[in-house]
Amino acid sequence: MKKTFKLDELDCANCGAKMEAAIKKIDGVNDCTVSFMTQKLTLDAADDKFDDILKQAVKVCRKIEPDCEIVIK
Amino acid sequence: MKRKQKKVLIRIIISAVMLAGLKIFAPEEGWYCALMYAVPYAVIGWDVIFKAVRNIAHGQVFDENFLMMIATVGAFATGEYTEAAAVMLFYQTGELFQSVAVGRSRKSISALMDIRPDHANIEIDGVLTETDPEEVEVGTEIIIKAGERIPLDGVVLEGESAVDTSALTGESLPRTVREGDDVVSGCINKSGLLRVRVTKPFGESTVARILDLVENSASKKARTENFITRFARVYTPAVCIAALALAVIPPIFAGSWLTWLHRALIFLVISCPCALVISVPLSFFGGIGGASRLGILVKGGSFLETLSRSSVVVFDKTGTLTKGVFNVTAVHPERISEARLLELAAYAESYSTHPIAKSITDACNTDIDRRRIGSCKELSGRGVKAEIDGLEVCAGNDKLMDDIGVKWHPCHHVGTTVHVAVNGEYAGHLVISDELKETSAKAIELLREAGVRKTVMLTGDSKAVGEDTAKRLGIDEVRSELLPADKVEKVEELMQQKPPKTALAFVGDGINDAPVLSRADVGIAMGAMGSDAAIEAADIVLMDDDPAKLAAAISISRRTVRIVYENIIFALGVKALVLILGAFGLASMWAAVFADVGVSVIAILNAMRCLLTGKADSKEVLFKT
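From first to last, the protein sequence lines stand for chains A and B. Here the first sequence is numbered in the numbering used here, starting from 431 and rising by one per residue. Here the second sequence is numbered in the numbering used here, starting from -13 and rising by one per residue.
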């Protein structure tokens, strides 16, 4: 499943790159891109564990850039 | 400016005033002086230090807050109070500039691509009500007033108006629509009132698909972009280690610890990778934005990058270089009447969606009575086989005739020949020809000027037609009589022959060439207003039918890539220079901060050129001849 989320307050391009690298390492993630320009996160992960993976991704982001938040609709 | 940015600005001003006051009235000596300078430093830098400490707690060591903290605290420790506070001030100013510049450019690029309609007018009990386009169902009648954006795809029931399609196609000449015409969402209704029946839900409408494509374009990152993020991951630790070495090794031999420590701190400031990481995606984003203004949709930075390297351009003929509007130009029956031949051919082709089939049914000019057709089978790349009034009718090209073992003879007219056989006997043929697009010849010329080395045309048509078309357009090479599957093979063959490190671009109209579009290095579909298949399969979509846009797309891609390289070389060059000067004690910490945030701001401004010159330059390319 592939879903796109908005990122709030992503202020630095390098943090975005770091977040992308870290999310890619989460188990079950097929692909992930963080776009600094559009302030968006695209997460492609296994269907059955998607919510779980998303929670982990939120955690990882908080660790790297506490000001930035993944907006979950 | 956002609230957050305003707050930073106020802090910058307060801190700058305090620092200037201290510089004038207070002497820079003694421990109490350090305390005084600590005040403006704290005002401007408390959040950097807070973030640095917090991020270390999270296990993020080499982040820019941390580096700035070490550098300025180090400057304090070595007694350079003014410098410590001023460098922090300068850094924050640079960061502010950067965030404002990025915000601005993001906004102006997004504005270009903002074609989202905000409402649809529905008549409820005689009253016009504004509704969210997403809630409008298929079949609903909507009213579009003059000056409004068309919210959903549909067909005009009543009214006549000029429609501005420039947001989608870049074409500034308005299109006239009247009763029965299709209208496409995202265009602007210029003059009259239109009553439109919605034919597609918002999610499948043209505007929604384009928006989706544009929004996802940033997720397909270019090679340079990935390279630079990987580079940044190595760069920062490497410079930090160099800083450590600079602080420790030379003093062992030469002494003067303080001097070397100060130089090491300069290294730390330069080690921030942000200028690099930010400028590359921004440039691509700008290039994509500029292209979209001309009606060229690029699905990602990576495709812009590949397109810039293209040396071979392969065209599909029908619908790409020619109008794809066929007319029956000759009817040569054998043993039966002209009308009968045309009628049989029209019935046989009546279920086919191929443009040639359509032209035959149009030429026949009678309503098709479907009850007369028994079975009907389409043979890809050959023709059709159908049962009409109990007769077995085969209509198609030479290959079909050979397959069913019917003797045929070629026609002296140049065009596509459709042979007809009835019950295994030759009944004659029809000649169909297609018109060239007005801009095709110019497009080939412009491509050559843009540095494309070879142009190739692929066609399912006969050799005579293919060669005739190629000659008139000035195309280098023709491969004719190809089945759709052969086209993939030919493209693969051409891909092997192309010069190394260059790319092959394939341009098609998205009908039956989806496999080729995805096989080529860059697949470009044109005339996408309404064709779902083209938008799906292609990497780049030319929204209108003009092949000359291709040259504009290539020149935009080349300029974008050039700007990307300029930024990378500029940022790395300045950083390297300041590193070297810093190591020999020739660069101050001021220079180092400039090499960090100053370079970022310049790179961002340069990246914006991708967008700003977009229109002027491509116009020049388009209208040079």
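There may be inaccurate statements among the hints.
As the list claims (entries may be wrong) - Straight-line C-alpha distance at most 25 Å; calculated BS3-like pairs for lysine-lysine:
1) B:K385 to B:K371
2) A:K493 to B:K37
3) A:K455 to B:K93
4) A:K470 to B:K(-12)
5) B:K206 to A:K433
6) A:K433 to B:K(-12)
7) B:K385 to A:K470
8) A:K436 to B:K371
9) B:K206 to A:K454
10) A:K485 to A:K436
11) B:K449 to B:K371
12) A:K470 to B:K449
13) A:K493 to B:K131
Claimed, not checked - A few chain A residues that face chain B, going by a derived Cβ cut-off under 10 Å, partial list only:
14) A476
15) D497
16) E499
These are calculated hints, taken from the structure and not from any lab test. C-beta: ideal position from N, C-alpha, C; glycine also.
Report task. Could you check the structure against the hints above and give me the numbers of any it violates, in ascending order? Result -> 3, 6, 7, 8, 12, 13, 14 and 16
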